[in-house]
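Peer 1: Taken in sequence, the protein lines are chains A and B.
Numbers in this note's numbering are just positions in the first sequence, counted from 1, shifted up by 158.
Numbers in this note's numbering are just positions in the second sequence, counted from 1, shifted up by 158.
No lab work stands behind these hints, which were simulated from the structure alone.
Each hint should be verified, as a subset may be incorrect.
Since the list gives no way to pick out one identical chain from another, each pair is judged satisfied if it fits inside one copy or across any two copies.
As the list claims (entries may be wrong) - Capping the alpha-carbon separation at 30 Å, the derived lysine-lysine pairs in DSSO-like fashion look like this: (1) Lys505 x Lys330; (2) Lys563 x Lys360; (3) Lys361 x Lys197; (4) Lys563 x Lys368; (5) Lys360 x Lys381; (6) Lys468 x Lys258; (7) Lys262 x Lys241; (8) Lys368 x Lys214; (9) Lys381 x Lys361.
Protein chains: 2
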Amino acid sequence: MSVLLFNYLGRVYQTGACSNVVKNYIHNISRISDVLTSKPIDCSVTVQGWVKGLRKMKDLTFVDINDGSCVKRLQILIPTRDKPNQLAFGASVRASGLLKTNSKGDLELSASHIQVIGPCVFTDGYPFAARKSYPPDYVRQFLHLRSRTTTFGALLRMRGAVSHTVHKYFNKLGFLYIHTPILTANDCEGAGEVFLVMPESKKLREEMSKSGCSEEEAYFDSKVFLTVSGQLHLEAVLRGIGNVYCFGPTFRAENSRSGRHLSEFYMIEAELAFSDNLDDVSAVAEGIVRASAECLLAEHPDDVELLAGKERCRVLEVESLELLAPVVGELVGGSIREDNPDVLQEKLLNLGLQESLAWYLDIRRFGSIPSGGFGLGFERLLQTLLDVHNIRDTVPFPRWPHNCKA
Amino acid sequence: MSVLLFNYLGRVYQTGACSNVVKNYIHNISRISDVLTSKPIDCSVTVQGWVKGLRKMKDLTFVDINDGSCVKRLQILIPTRDKPNQLAFGASVRASGLLKTNSKGDLELSASHIQVIGPCVFTDGYPFAARKSYPPDYVRQFLHLRSRTTTFGALLRMRGAVSHTVHKYFNKLGFLYIHTPILTANDCEGAGEVFLVMPESKKLREEMSKSGCSEEEAYFDSKVFLTVSGQLHLEAVLRGIGNVYCFGPTFRAENSRSGRHLSEFYMIEAELAFSDNLDDVSAVAEGIVRASAECLLAEHPDDVELLAGKERCRVLEVESLELLAPVVGELVGGSIREDNPDVLQEKLLNLGLQESLAWYLDIRRFGSIPSGGFGLGFERLLQTLLDVHNIRDTVPFPRWPHNCKA
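Pulled out of the complex, with its shape left as it was, chain A reads as follows (with noise of 0.2 Å):
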């Protein structure tokens, strides 16, 4: 709330300490994740994360602490005689103190010091408890929170980590990334659910109306809808500077309530210049599927257990992934594009859109290319991959009709 705006120009532009900085705040405060990697055994290890398990013996407590940054948590000892009255299951908390190996042979933290950092009152309506696990349509009640359950902190980790690999894999295949636009004054393919955008200010619609414009014009003088894909503007761009693609948020307004449709959802979407195989925009499409099966089975193999089960791993490994395919019915859609402008302007005026597509007409007029593209709706892939079975929990904040919470 309180966006103080800092003069920043003061410090960005000074040199030398800035990776320094980083380092330091990165590294002073040990992750989870690095401890129990690294393993630094008898080394002094400060950690802070959120309680997830407390039990309260006569001499010793342990607390298990989870920081977000894997799955597992790290068990830490205490004397009772220490422990601060606030620890208690939500709190957060930090702990310093030597790392040692238990009798079990697992990591745990003798800690010299403990401090509740925020604590957290079960009975003031935190809607989680120890030991206790709940079906999705609960938690999803509680987006704000829902970070804070282990099961939605393994599809946080494991959605980002898929995003990344997706651009990485562009990126090693030459595709540049296109921001194409989320405003667009063209509503073909929307067929009627497209959402309308327009100021929120009637005074600012009224001040901006030109003569013969309707207050929904007002601002761009046209209507002007969210985006429902970024092909068109991926195949402009295409005719100058080669393989491109995105991958953003695209939207429907569909009245439509099942587990499969989301009003806001990512899609992936790339164009081949100088394509006209289908099999080209498969196999490129294909090797997104994969390369995303290959990040999560190497970099997060434990979240993948504790979100699909043991048995998931082994899915992903397996040779053919057709297992997969019964979870959505459509992951992919993909075409050769019509490249002749006069079948083009034909099928345009037969759509009534002539006019406002002529631009989409005219990259076909001069020195056009043959091409080919697909879109893969990125939360599609996540369920199938990851055997979630409604759509809404592979977002962060889902958005469907009559939801739009936090």
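Position chain B against the provided structure of chain A, taking the given hints into account.
Peer 2: Then chain B, alone, in the frame of chain A:
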């Protein structure tokens, strides 16, 4: 247009062929950047691209082509008697032949075959001519053809590269990439300058309207706006998962037609968990500027030179980047966030936001942690680094008042 939805599942989940097909698609035609780097002298090479220059001599015709993979052109030699009629500035071509070094030491392709793929007839209305350069205001009238110009091609490559760099930077620092929502019921920070969103179909709005709801509220049961910042949502996710960032479109319904404002623009926003130190926040933001400058110098020196002049590379190299500051005023805004629920509640009450932002208060009530963060305007970063005077020339399809073309 002709979006044929092919049955992809049959292919996606077939084994084996994938990586080879991708490889073949990418490699049987060489990209000009690869040819100029790997220099396969006396080897047979096929390239594709657009004609950027043409000199017809008695025996030989020299054709300069560019394929968007880099700023450089490859010179192609063909016997003038074999020159296709339609070979002209702006046409797309495919050429095969042997790669040679000419007497000046430059690479050139001695073509055995050249084919015009898409002709370009200047008198049909192509807005660019050979050997002419155009002011940005002129080129901006043809957004759908802008990638055909050498300068904007360079900008697009650098925008894509810096975008990748941003993701790599945060990934390396262990910040999780979060897709914060575009649609939100929170208009708190927009101060009246937000875009309102509703289904375009009046029929749908009427159907979905519950009693007591206006048509504007029908679809989501409340007014819904385009996001002005992902900060609040990042703060929620952070309190369970740790350091997070987002990098996506944000919107302002201002009536500003200066060269420094867009209606749709990209923001890089990050939140630092367990942080109450503004120096940390600044340092992480500062790192983005440095990583971006390094990326441009290392990967795109030719593009930088073309767009901003030879001197610019030296500016990006010098130890202090402060020379760049004057171009943009406020590049970054950040703060330590208010973490005291009582103080925050008071503020929300004063702003009349206690109901709509109840969730934002809630995330402070259960195991909260101190956090700080910043927002960095991506287009202004590009302006700063590349000395681009009008922000509209940093975006593929810019949107500003009275302008939502293509």
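Peer 1: Determine for every hint whether it applies to the structure shown.
Peer 2: Okay, the hints, checked on the actual structure:
For the homomeric pair Lys505 and Lys330, neither the shortest alpha-carbon distance inside one copy (36 Å) nor that between copies (48 Å) is at most 30 Å. Proximity of Lys563 and Lys360 under a CA criterion of 30 Å is satisfied in both settings, with 24 Å inside one chain copy and 23 Å between copies. For the identical chains of this complex, Lys361 and Lys197 are neighbours neither inside a copy (62 Å) nor across copies (62 Å), given an alpha-carbon limit of 30 Å. With identical chains, the CA atoms of Lys563 and Lys368 are at most 30 Å apart between copies only, with a shortest distance of 17 Å across copies and 35 Å within one.
With identical chains, the CA atoms of Lys360 and Lys381 are at most 30 Å apart both within one copy (15 Å) and between copies (14 Å). Proximity of Lys468 to Lys258 under the C-alpha cut-off of 30 Å is restricted to the intra-copy arrangement: shortest distance 28 Å within a copy versus 57 Å between copies. In this homomeric assembly, Lys262 and Lys241 come within 30 Å of each other (Cα to Cα) only inside a single copy, at 24 Å, whereas the closest approach across copies is 79 Å. Taking the closest pair of Cα atoms, Lys368 and Lys214 never come within 30 Å of each other, the shortest separation being 71 Å inside a single copy and 51 Å across copies.
Taking the closest pair of Cα atoms, Lys381 and Lys361 come within 30 Å of each other both inside a single copy (18 Å) and across two copies (17 Å).
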